[in-house]
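Peer 1: Now for the letters of each chain:
Protein chains: 2
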Amino acid sequence: MIKRSNNYCVIMAGGIGSRFWPLSTHKFPKQFQDILGTGRTMIQQTYGRISSIIPDENIFVITNKEYTELCRAQLPNVPEYNIVGEPMIKNTAACNLYMIYKIALQNPSANIIVLPADHLILNEARFLEKAELGFALAASHEYLITLGISPSRPDTGYGYIQYLPSGDSGYYKVKTFTEKPSVELAKSFIESGDFLWNAGIFLWNVKVILTSYQKYLPEMVQQFSSCEFNNGKEKNCIELIYPKLTKVSIDHAILEKADNVYVIPADLGWSDLGTWTSVYENADKNEDNNAINSRNILTYNSGNNIICVKNKNKAAIIDGMEDYIVVDTDKALLICPRENDQLIKKYINDLKKLKKGNKFL
Amino acid sequence: MIKRSNNYCVIMAGGIGSRFWPLSTHKFPKQFQDILGTGRTMIQQTYGRISSIIPDENIFVITNKEYTELCRAQLPNVPEYNIVGEPMIKNTAACNLYMIYKIALQNPSANIIVLPADHLILNEARFLEKAELGFALAASHEYLITLGISPSRPDTGYGYIQYLPSGDSGYYKVKTFTEKPSVELAKSFIESGDFLWNAGIFLWNVKVILTSYQKYLPEMVQQFSSCEFNNGKEKNCIELIYPKLTKVSIDHAILEKADNVYVIPADLGWSDLGTWTSVYENADKNEDNNAINSRNILTYNSGNNIICVKNKNKAAIIDGMEDYIVVDTDKALLICPRENDQLIKKYINDLKKLKKGNKFL
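Chains as they are written, first to last, in this note's numbering: chain A, 37 to 397; chain B, 37 to 397.
In case anyone wonders, no lab produced these hints; they're calculated from the structure.
A few of these clues could be false.
Repeated chains share a single entry, so a pair holds when one copy, or any two copies, can fit it.
Here are the simulated DSBU-like cross-link-like pairs (lysine-lysine), alpha carbons at most 35 Å apart as the crow flies [as the list claims (entries may be wrong)]: (1) Lys269 / Lys348; (2) Lys367 / Lys346; (3) Lys346 / Lys209; (4) Lys367 / Lys388; (5) Lys388 / Lys346; (6) Lys280 / Lys348.
Chain A with its partners taken away, still in its complex shape (with noise of 0.2 Å):
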């Protein structure tokens, strides 16, 4: 007899990515882009870093309807039943409670990771190893576990989790979270040495997450519970209560406020690839320090730039520019200087006003 694997995954995998627009468009968001250009998008290399120590039929991915078909399409090897859509947006805790209730149906001692879709990890090796450790711990302990990056920089983008450093076990109680803090605050973290950048990796047994929810979110359960799941039922069921539920992160309801919390420092040459400069930053870059992405790109009297033409049949001339995104597709053209990569949103409000129903967003 095969002894079925108590541990689990759940790629998230919902985000509209609207800061890698044209790339990234409501259609077709980053998590389903081979954003650097590496032959995989980010949800298959998510997924294939994940699948060597969880089987494929542990393996779920939660998104949006809308992306249920992408995500089949490009995960070809995880059941289908698997890939769930969410019929409209709820942020995290919602959608981890509804693969908390699914999973647990199936096996009631399964330990989860939660990865979210469109994160890049270098570090392959040191992301297994820890998440092996985090398992351990979450089948072992009481614990919510997440995995915390050395900050390289004070990014006011990230949340960040302060640790309680005691002996050297490879992890630690979390004392406090701290979601995009002032660049002031931001320094003085790095400066302190106890804080780490939370990734949004989670690790935890579903009975010890499922308590924390009871605990901090007593209506949502109620809201699940009505529910069957893993049946034909579910889906009627999951669309009359999303309506209700609250748009609330799971780090803000739950791991904020629980204590029980611990932190494992990790290595992972981790970005989240947030913006087109990070995306910059993780790329190969040419002789002149332009990251492109095809070989019909030729540039001249250019430099530090990121140069992304989607369709590598097209080609590009790009003369006498220095720190710029051009990001080409065939609905939009974007170019501007590197350290407006902020203003994108601000870009596609504006084209919004130009026309309703407009196609390229």
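Mind docking chain B on chain A? Use the hints.
Peer 2: Chain B only, in chain A's frame:
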């Protein structure tokens, strides 16, 4: 009985317009594009201008055989058999002699105005007035007549016509032709006041121009006179003689040598739209001096650019660009400083080296 007009027009439409890449391509060159966004292509504008004084059956188009279908589609009122395809590129002496043979056979008293298909003329009334004067001169004198444009700058890309200023008849005997002078020479031309730009617009009676061909290109005349025209034998014979014809411009072979050349100074608001810079100068510009071809282009901190996105449903965000050319088509993207518009042929050559048989040129 309706008197048939003796006045004919030949529109020369064989250029490949590589300086307008990527909008202009070998398959779809400049004369068939609406470069300035006026709603009509360059050849349609040229036809529209002359058709108010020449009946459609007297309008001929000479182009490369690759483009005859494009001409027919864009000029549905011109009789199909008046749109003639050359089997290969042979410069303007050959194509004009071809047209002279065809038209002289129809009407031995024909007067012809020769027009490049891809030039801009803003002052249409002035153009028609000067064309009428040219036709009258061509019908009554043994003159080869050109229209000359008052030069506005010492442009080294144009040909210059020096004339003998005497009287105020509105036309003058030509003294010299100078093709593409040095900048010093061009400056001295402008200062002297008796030089005009050669706009490539010619008027002549078929008998007079044929006499000049017999004098200056007797071999070419011999080759053409071996063919029959305006019947089923024409095409085969043309294909037979074309490979043997000299590649030479009519300016160089005849006009620079003949002593019966006259020029009509004509302030036409003329441009050969030979470069993106000349398009920029002639295009409508917005409050930031950007020439933009589509309402789905948004600019930020950007001025003095020419921005052309061929697909008008495509969005474009242009941030932080000053004095640039941005041209986007489905096959290629060009971003370069406006002052580098003369490098486009170099860019194309560099792209050609990337791979043989590429589709973006």
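Peer 1: With reference to the structure, classify each hint as holding or not holding.
Peer 2: Do the hints match the structure? See the list:
Within a single copy, Lys269 and Lys348 get their C-alpha atoms no closer than 45 Å, and across copies no closer than 47 Å, so neither meets the 35 Å cut-off. In the homo-oligomer, the alpha carbons of Lys367 and Lys346 lie at most 35 Å apart both inside one protomer (10 Å) and across protomers (12 Å), since each shortest distance falls under that limit. Neither within a single protomer nor between protomers do Lys346 and Lys209 lie at most 35 Å apart by alpha-carbon distance, with minima of 44 Å and 58 Å respectively. Taking the shortest alpha-carbon separations for Lys367 and Lys388, both the intra-copy value of 14 Å and the inter-copy value of 26 Å come in at or below 35 Å.
Proximity of Lys388 to Lys346 under the C-alpha cut-off of 35 Å is found in both arrangements, the shortest distances being 22 Å within a copy and 20 Å between copies. With identical chains, the CA atoms of Lys280 and Lys348 are never at most 35 Å apart, being 45 Å at best within one copy and 42 Å at best between copies.
In terms of the numbered hints stated before, the structure departs from hints 1, 3, 6, listed from lowest to highest.
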